[in-house]
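Colleague: Letter by letter, the chains look like this.
There are 2 protein chains.
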Amino acid sequence: MKELKERIIHDGIVIDNRILKVDSFLNQQLDPALICHIGTEFARRFSDTPIDRIVTIESSGIAVAYAAALAMKNIPVVFARKKMPSHAMENTYHTSVYSYTKEETYEVAISKQFLPAGESVLIIDDFLASGEAALGLASLLQEAQCNVAGIGIVIEKSFQPGRQRLQEAGYRVEALAQIEKFENDRPVFNQAKS
Amino acid sequence: MKELKERIIHDGIVIDNRILKVDSFLNQQLDPALICHIGTEFARRFSDTPIDRIVTIESSGIAVAYAAALAMKNIPVVFARKKMPSHAMENTYHTSVYSYTKEETYEVAISKQFLPAGESVLIIDDFLASGEAALGLASLLQEAQCNVAGIGIVIEKSFQPGRQRLQEAGYRVEALAQIEKFENDRPVFNQAKS
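Line by line, the protein sequences are chains G and F. Letter by letter, the first sequence follows residues -16 to 177 in our numbering. Letter by letter, the second sequence follows residues -16 to 177 in our numbering.
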């Protein structure tokens, strides 16, 4: 997605050839026009498959998931909560996710009532790196007896194992910008794929 | 806002005449059509005042703030982070907010670069009860030398002191549904105001 890649080059900040900060349009400040176009692009890429529902994780996935849901004729969005209070766990599907960025494990949980069995569900998230978060959400969906229609990612770090892990598990991955590597604190995109 | 009040009556769950759960359309599952209409209604109510930017708090404010920003010709949205890691605090405006619901204090923080001085900023949040969160955001905006253009709330508990505290501090409050009281675990709306 050309507009997104241009924005990453223009406004993304790379730290130590390792961390990409996109706080100015995705992770703390949102550019509504760009987010809307991202939603439309997800809808276009997954237009060949039936989707009943979108699942994401708070907080940075919410706006793009909502934008995609609008573009997909108002299907419902559900966002997994991080660290839901333990007293609420009994009526939820939940699993542990390890964050390599933050070097900590957190719980993600979704109330069972919002994952009806038999639905086709699209997972959307802002970043794909190790694949931990997406695999965690996919395991919740399996437990809920939902079909994982695919995994839509805004920014993929292709030099990390996330895509391979997801594809080996049988999931279709669509990423709107794929970063092959960082070089001199600048992103280099995988031109062939995205 | 009639559609919202009908939805609260139909799908909201009141516990102990005290807590209103709207997880099925606002707080964990999102109904994109309703959220879109909420955004349009915020834009309509504040159409008489110039607004440069919308500020909200993760997570439940994000979708409605984004919907309002779309309806207001794509102005930027910034969401305050809860409990941002302390090493990032130095370049942020931050303050403590006490949650009476959760009985805990949390920090809210916004990077200074996303609150340029002199802008007119609309605060949007899902609930207004004690007013703690809105007052916290307003204090960040004051510190950033922004003008608080108003405070837009999806659901107000009018029997709690939030509105009065905000109005006494000089802020304009617009709530799309105002709950006067709970009776037999059902909400009673303040018909005169909202």
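If you're looking for bench data, these hints aren't it; they were derived computationally from the structure. Keep in mind that the hints are not guaranteed to be accurate.
It does not matter which identical chain is used: a pair holds within one copy or between any two.
Derived pair list, reagent style EDC-like, types lysine to aspartate or glutamate, alpha-carbon separation capped at 20 Å [claimed, not checked]:
| no. | residue 1 | residue 2 |
| --- | --- | --- |
| 1 | K95 | D168 |
| 2 | K4 | E(-11) |
| 3 | K66 | D6 |
| 4 | K66 | E41 |
| 5 | K95 | D14 |
This structure is a prediction, so every number in the text was calculated from the model and none was measured.
Colleague: Out of the numbered hints, which ones does the structure contradict?
Modeller: 1
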